[in-house]
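S.K.: All chains, please: the whole structure from these sequences, using the hints.
Heads up: the sequence lines are chains A and B, in that order. The first sequence begins at 1 in our numbering and counts up one residue at a time. The second sequence begins at 1 in our numbering and counts up one residue at a time.
Just so you know, not all the hints are guaranteed correct.
If you want the footprint, here are the derived chain B segments under chain A, 3+ residues with CB under 8 Å [claimed, not checked]:
id	region
1	240-248
2	410-422
A few chain B residues that face chain A, going by a derived Cβ cut-off under 7 Å, partial list only [stated by the list, open to error]:
id	residue
3	Gly79
4	Ala82
5	Glu117
6	Ala300
7	Ile356
8	Gly358
9	Thr425
10	Gly426
11	Lys528
Hint data in this document are derived by calculation from the structure and do not stem from the laboratory. These numbers were taken from a predicted model, which means no experiment stands behind them. Just so it is clear, CB atoms sit at the ideal spot from N, CA and C, and this is done for glycine as well.
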Amino acid sequence: MLEKYREERGALIPLLQGAQEIYGYLPGAAMERIARTLRLPAAQVYGVATFYAQFHFTPRGRHVIRVCLGTACHVRGGARIFEALRRQLGVEDGGTTADLRYTLESVACIGACGLAPVIMIDDDTHGRLTPESLPGILARYE
Amino acid sequence: MKSLMDPCCQRCAHRPETPCREYLRCRTEGPLCHDDEQCRKARQGRIEAVEGAAQAQRPTQNQINESPCWRLLVCAGTGCIASGGAPVVAALREAVEQRGMSSQVEIALTGCHGFCEQGPIIVVEPGKTFYRRVSAADALDIVDTHLAGGQRVDRLLYRLPGGEAVTCYPEIPFYARQHRIVLANCGHINPEDLGEYLARQGYRGFLKALAMERAAVIAEVKRSGLRGRGGAGFLTGQKWEFTAGAPGEEKYIVCNADEGDPGAFMDRSVLEGDPHAVLEGMLVAGYAIGAREGYIYVRAEYPLAIRRLQRAIAQAEACGLLGENILHSGFSFRVHVKAGAGAFVCGEETALLTSIEGNRGMPRVRPPYPAVKGLWGKPTNINNVETFANIPHILRRGADWYAAMGVGRSKGSKVFALTGKVNNTGLVEVPMGLSLREIIFAIGGGIQGGKAFKAVQIGGPSGGCLPESLLDTPVDYETLLEAGAMVGSGGLVVMDESTCMVDIARYFLNFTQQESCGKCAPCREGTKRMLEILTRITEGKGREEDLGALEKLAAVIKATSLCGLGQSAPNPVLTTLRYFRDEYEAHINDQRCPAGLCAALLTYRIDADKCRGCTLCARHCPVGCITGKPREAYVIDETRCVKCGVCLERCKFGAVIRR
Ligand SMILES: Cc1cc2nc3c(=O)[nH]c(=O)nc-3n(C[C@H](O)[C@H](O)[C@H](O)COP(=O)(O)O)c2cc1C
Ligand code: FES
Ligand code: FES
Numbered sequence: 001m002l003e004k005y006r007e008e009r010g011a012l013i014p015l016l017q018g019a020q021e022i023y024g025y026l027p028g029a030a031m032e033r034i035a036r037t038l039r040l041p042a043a044q045v046y047g048v049a050t051f052y053a054q055f056h057f058t059p060r061g062r063h064v065i066r067v068c069l070g071t072a073c074h075v076r077g078g079a080r081i082f083e084a085l086r087r088q089l090g091v092e093d094g095g096t097t098a099d100l101r102y103t104l105e106s107v108a109c110i111g112a113c114g115l116a117p118v119i120m121i122d123d124d125t126h127g128r129l130t131p132e133s134l135p136g137i138l139a140r141y142e
Numbered sequence: 001m002k003s004l005m006d007p008c009c010q011r012c013a014h015r016p017e018t019p020c021r022e023y024l025r026c027r028t029e030g031p032l033c034h035d036d037e038q039c040r041k042a043r044q045g046r047i048e049a050v051e052g053a054a055q056a057q058r059p060t061q062n063q064i065n066e067s068p069c070w071r072l073l074v075c076a077g078t079g080c081i082a083s084g085g086a087p088v089v090a091a092l093r094e095a096v097e098q099r100g101m102s103s104q105v106e107i108a109l110t111g112c113h114g115f116c117e118q119g120p121i122i123v124v125e126p127g128k129t130f131y132r133r134v135s136a137a138d139a140l141d142i143v144d145t146h147l148a149g150g151q152r153v154d155r156l157l158y159r160l161p162g163g164e165a166v167t168c169y170p171e172i173p174f175y176a177r178q179h180r181i182v183l184a185n186c187g188h189i190n191p192e193d194l195g196e197y198l199a200r201q202g203y204r205g206f207l208k209a210l211a212m213e214r215a216a217v218i219a220e221v222k223r224s225g226l227r228g229r230g231g232a233g234f235l236t237g238q239k240w241e242f243t244a245g246a247p248g249e250e251k252y253i254v255c256n257a258d259e260g261d262p263g264a265f266m267d268r269s270v271l272e273g274d275p276h277a278v279l280e281g282m283l284v285a286g287y288a289i290g291a292r293e294g295y296i297y298v299r300a301e302y303p304l305a306i307r308r309l310q311r312a313i314a315q316a317e318a319c320g321l322l323g324e325n326i327l328h329s330g331f332s333f334r335v336h337v338k339a340g341a342g343a344f345v346c347g348e349e350t351a352l353l354t355s356i357e358g359n360r361g362m363p364r365v366r367p368p369y370p371a372v373k374g375l376w377g378k379p380t381n382i383n384n385v386e387t388f389a390n391i392p393h394i395l396r397r398g399a400d401w402y403a404a405m406g407v408g409r410s411k412g413s414k415v416f417a418l419t420g421k422v423n424n425t426g427l428v429e430v431p432m433g434l435s436l437r438e439i440i441f442a443i444g445g446g447i448q449g450g451k452a453f454k455a456v457q458i459g460g461p462s463g464g465c466l467p468e469s470l471l472d473t474p475v476d477y478e479t480l481l482e483a484g485a486m487v488g489s490g491g492l493v494v495m496d497e498s499t500c501m502v503d504i505a506r507y508f509l510n511f512t513q514q515e516s517c518g519k520c521a522p523c524r525e526g527t528k529r530m531l532e533i534l535t536r537i538t539e540g541k542g543r544e545e546d547l548g549a550l551e552k553l554a555a556v557i558k559a560t561s562l563c564g565l566g567q568s569a570p571n572p573v574l575t576t577l578r579y580f581r582d583e584y585e586a587h588i589n590d591q592r593c594p595a596g597l598c599a600a601l602l603t604y605r606i607d608a609d610k611c612r613g614c615t616l617c618a619r620h621c622p623v624g625c626i627t628g629k630p631r632e633a634y635v636i637d638e639t640r641c642v643k644c645g646v647c648l649e650r651c652k653f654g655a656v657i658r659r
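M.R.: Below, the structure written as structure tokens:
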């Protein structure tokens, strides 16, 4: 992967995205290798990675739960869904459960506002949620 | 021949290496490269099937055995997949197979129909039957009753509030009043088949442009009056002219598909449902401006959109519609897809460009505008997805046709994402200038649960909240700006009496505060101060002088911020202060939240006379603060109550009182 991007302009972000895909997060060593390959200061690589919400620096759960707190979801009770998940999983925003099963995150809009309130688990979108429907949905993700 | 893109027979001569100008006509009106009535019929049959225009109950081209009689358009948009669309597709395929109807039935996966709330959605052509909330269990019934039996499946039809079934989707009120131009293909073609786009007149606008002088193309776009759909509403033709006239050989076209605006999803639907329309728009822009390369910056949260775009690009390249010497015109154009990485501010044009270059997406001072100094320092034209998607129509049907729609200086149609507490949520495309009332009540079907309308939030974090008294406001750039809101990207979030306007203002400030890139102080610090004040008010700790302070901060932030994010961040606060001041005052002076939403200002109590001791509330209370004996009145321990309201929802006897 490093080879493919070595000569390309604006390669830093795609490389970080690729590395995160491989490791599930961005280990320091990976970022340093990217810095060396692109001949960029490590500080710049870290600077870019920390700027974007997409990048993570600690291992994440097997399943990432993104709770939408966008406007449409907010108006239709998204905060209560988030609250219920927070309590159920016992983690804060961005946190991962001790068994590494789930990571909980809030996001600004998933783009399925018609089904608000909405969550996304990995790449699956679940809509028209109530706090009661959550345990059944979670159970499907081992 | 399954797709128009397939060669009809061995004599079909088109090769992407030898692109010819007649290629598109050959595919849709031909064949022109050889003479064969059979081939021509097959092509026409295919076009008719896609057009779905056949009025008759049964298609006329039965005899063309290659073209199936029935076309099941199954929505494969994000919304419908989320509500269980994938198993429906599998079940339909199986049912068709099982009944041995594979040769007469085509199952086409489409993009979003806009009425996601009713998903999963299926449209059966011919006949335009609209089935909603379809599940896998309904598949056999659809095949047996409708396809084999010729009867509609009644229970899957859309029903009016009165219970009356509507069979044909153009008659559903949600669709009947819309004016679909940008969305015309969404839900009606398979976005993964370039042939279907061609059957709906795709790439004809581009062909027309290729035959024109570059300046004439720009003049046509200018004359149409099209304004950027990404928020600011800048005249598109004029922007093109600037970039075309900027010195430098190397120029870029960039499509802004970041759609960071929470509550908006029209760009997503266009990308997923009609990706070639965006590519065609970019091609026209590339030709007119003299660019050879284009970028589409899509947010990473839209994986399906990214996939469909990449497919569309690959298909267009494979038949010579993208790449070198397109259709033998001497014009070359390539398109790249860049996935964003999750930062609202990257939607701002200068931030987006630095993000493509691989840096932190921070905005910079304009001028110089991207038209002069953009991507890698070269002249760059950046437009929104919906803006590009309008271009093919303008070229194909002419500027006058386009300019005839709309009001004043706002021409054409606009797609709105209608969400919130409205009955019919979804994507709505209407001519500019329709009133809010018409959109929310006639198309949106009014407020959920028969509640009272309170406000509509327009334009996202840069926009504002308008009250009932302004419902007759026409939706166009100038009028909305005057009212303190803006068209923005087109999010319309409807709010009812249970929405607290102070909370909404706080919500938006929290959003902009978190998303501020931090480069300039007014935006970084100012929004933080405003958020502190708003939070205090919602907690019942508001002070007399707070409203004045909010207004003062807002004025400073608007005047001194670096980019549009900061400049427009105070808008939601200012409009709520302007139209809903009494709600702020109730919070500050009476420690009361009129909407009954701000948790800190609420208390829950159980009315001992009404309580039957059914235990429902106690069983569902997440913190176990409700105690009592079955069949006797229960009590809430207020010191431990987290004010989640679950007890209120659960109680069947109206015994829980919220104050
Ligand atoms: C904070 C901020 C966020 C923006 N987000 C978007 C966006 O998500 N999509 C978009 O098309 N334009 C967005 N814009 C507007 C763009 O800067 C730019 O005006 C637009 O892409 C130009 O295209 P148009 O002329 O076709 O509207 C945003 C602007 C600001 C200030
Ligand atoms: S606001 Fe939640 S999906 Fe858009
Ligand atoms: S996703 Fe199917 S209608 Fe929107």
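S.K.: None of the hints should be skipped; say for each whether it holds.
M.R.: Against the structure, the hints:
1. Requiring three or more residues with a Cβ within less than 8 Å of a Cβ of chain A, the coverage given for the region 240-248 of chain B is violated, as only 0 such residues are present.
2. Against chain A, the region 410-422 of chain B contributes 4 residues with a C-beta closer than 8 Å to a partner C-beta. That satisfies the three-residue criterion, and the hint holds.
3. The criterion of a C-beta within 7 Å of any C-beta in chain A is met by B:Gly79, whose closest approach is roughly 5 Å, and the hint holds.
4. At about 4 Å, the closest approach between the beta carbon of B:Ala82 and any beta carbon in chain A falls short of 7 Å, and the interface hint on this residue holds.
5. The restraint placing B:Glu117 at the interface with chain A holds, with a minimum CB-CB distance near 5 Å, inside the 7 Å limit.
6. With a least beta-carbon distance of about 6 Å to chain A, the hint placing B:Ala300 at the interface is held under the 7 Å criterion.
7. Given the 7 Å rule on beta carbons, the hint for B:Ile356 holds: about 5 Å separates it from the nearest Cβ of chain A.
8. For B:Gly358, the suggested interface contact is upheld, since its CB lies about 4 Å from the closest CB of chain A, less than 7 Å.
9. For B:Thr425, the suggested interface contact is upheld, since its CB lies about 4 Å from the closest CB of chain A, less than 7 Å.
10. Against a cut-off of 7 Å between C-beta atoms, the interface hint on B:Gly426 holds, since the closest Cβ of chain A lies about 5 Å away.
11. With its C-beta approaching chain A no nearer than about 18 Å, B:Lys528 sits outside the 7 Å limit, and its interface hint is violated.
When each numbered hint is compared with the structure, violations occur for hints 1 and 11.
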